[in-house]
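Undergrad: One letter stands for each residue in the lines below.
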Amino acid sequence: MHATAEATRQLVRMRGRSYVAFVFTPEIPIVGWLAEIDTTLARSPGFFVGKPVVLDLAALDLSRAAITHLINNLEERNIRVLGIEGVDAEKLTSSMPPLLTGGRSCVITRSEPAEKAEQKPEPKPKPNSLLLENPVRSGQSIVFTDGDVTVLGSVGSGAEIVAGGSIHVYGTLRGRAMAGVNGNSSARIYCQKIEAELLAIDGYYQTAEEIDASLRNRPAQAWLQGDTMKITPLN
Amino acid sequence: MAKVLVVTSGKGGVGKTTSTAALGAALAQNGESVVVVDFDVGLRNLDLVMGAERRVVFDLINVVQGVAKLQQALIRDKRLENLWLLPASQTRDKDALTDEGIGRIIGELRTRFDWVLCDSPAGIERGAMLAMRYADEAVIVTNPEVSSVRDSDRIIGMLDSKTVKAERGERVTKHVLITRYDPARAARGEMLSIQDILEILATPLLGIIPESQDVLRASNVGSPVTLNNAASAPARAYTDAARRLMGETVDMIVPAERRGLMNRLLGRRAA
Chain Y
110 MHATAEATRQ LVRMRGRSYV AFVFTPEIPI VGWLAEIDTT LARSPGFFVG
160 KPVVLDLAAL DLSRAAITHL INNLEERNIR VLGIEGVDAE KLTSSMPPLL
210 TGGRSCVITR SEPAEKAEQK PEPKPKPNSL LLENPVRSGQ SIVFTDGDVT
260 VLGSVGSGAE IVAGGSIHVY GTLRGRAMAG VNGNSSARIY CQKIEAELLA
310 IDGYYQTAEE IDASLRNRPA QAWLQGDTMK ITPLN
Chain V
64 MAKVLVVTSG KGGVGKTTST AALGAALAQN GESVVVVDFD VGLRNLDLVM
114 GAERRVVFDL INVVQGVAKL QQALIRDKRL ENLWLLPASQ TRDKDALTDE
164 GIGRIIGELR TRFDWVLCDS PAGIERGAML AMRYADEAVI VTNPEVSSVR
214 DSDRIIGMLD SKTVKAERGE RVTKHVLITR YDPARAARGE MLSIQDILEI
264 LATPLLGIIP ESQDVLRASN VGSPVTLNNA ASAPARAYTD AARRLMGETV
314 DMIVPAERRG LMNRLLGRRA A
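Chains Y and V supply the protein sequences, listed in that same order. For the first sequence, counting from 1, position 157 maps to 266 in the numbering used here; every step adds exactly one. For the second sequence, counting from 1, position 110 maps to 173 in the numbering used here; every step adds exactly one.
Everything labelled a hint here was simulated from the structure, so no lab data went into it. Being a predicted model, the structure only gives us computed values, none of them experimental. Among these hints, one or two may not hold up.
[Unchecked claim] Which stretches of chain Y does chain V cover? Using the computed rule of at least three CB atoms under 8 angstroms from a CB of chain V, they are:
(1) 236-250
(2) 256-268
[Claimed, not checked] Taking CB as the label site, the calculated pair distances span:
(3) 284(V) - 313(Y): 57 to 65 angstroms
(4) 233(Y) - 75(V): 44 to 52 angstroms
(5) 247(V) - 328(Y): 29 to 37 angstroms
(6) 262(V) - 343(Y): 41 to 49 angstroms
(7) 233(Y) - 96(V): 18 to 26 angstroms
(8) 280(V) - 328(Y): 44 to 52 angstroms
Ideal Cβ positions, reconstructed from N, Cα and C, are used throughout, including at glycine.
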């Protein structure tokens, strides 16, 4: 048995891509023009680093030696020339950057600062707590699933607080408090005075009847220990 | 500057209409020009308590719908010339009230009177909402019972959210008026204490009206209790409350079981 592995033809895929390049148009005297480049570099040393640079020599009539000299001078300043425009092809040697044609001018935007400005301001992080400075009255329902709820006043009988996190009541808790509704079993309920109608954490609940009468009217907290709700005095 | 005051409670039968009539008459006796407006469309009572039921021609609904002018519907009290009544309709229901219509009438009453007292119907539905809608101040009538106090708490929440003032970010000035306070039952601990009520409602106390036969007697003869027997205990309590509404500082008197023995309420008005 003899099998020849036929070489699979490799497809060469080519894609076009355009870049924006700085176009230098040197002027006579070249020495004076280079001095201008030097002052730009003195102001911002990194100005041309990593930027493609194209030399447009259409306005000049430079010899091959003069072009070589110019390119060398730029390389000394760490400016790499990507291509040359506006000269006869025979003036360029193979060691020189290639001849470019068909360039279109465009506005160069200073990219670094512009990029920063374009970045959308970081969206404000959602508040993860809710503060209520007034009493929560009977019939009111406060639902805040993003985090803790703090009530400076009392929570009236017939009112309810639903929180994704813990619930803190600095007055008397007479209504219902449901903490950790998004499955947060480490959420707790704290209150200055407990007279709650119902306490719930992560779906586990106790009604007023089940709450130990000795706790009534005292500062207390409720938390989950495994599958059981614990209610203990705070002091 | 006219003040629009709603007398409300949530719960029925606690004494809103009695209190509206008594406070209105007491304010008028103090020289203020007062109109009491019955918002209990379909179940009007204020005309009876004011003793004006036989003089009702046009009512609030007629004015809201433009059938009658405000002047035609207003009834002047026979005893006090600066006390007026705007009666409710007994044949219609509360759906006949419109927000714009009430707003227009309240605006008109503001230009003519020092006080516009709105007697709210019980409940939290349309009638009660419209009665409180344009209020600057509110008197929340509460009995010393848990059910009444919880309903009052609910109404206070609505005063803080559903009124024009609340929607503008301002606050309605709220007062708690405790009615049907029975000193004997209080002494036996059968009622909620004043402190408990104020602690639950977290609202300043306007007055404590003792349970009394005088209130019933006055209603039956069609007279606000403050006019019928000004010397009675409830009349004096209402008069004190009216003076507090006018901005005076009057010592709070807790009705006591034995006559003449009056206790001060802990020296503070409220939490």
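Undergrad: Hint compliance check: list the failing hint numbers for this structure, sorted ascending.
TA: 6 and 7
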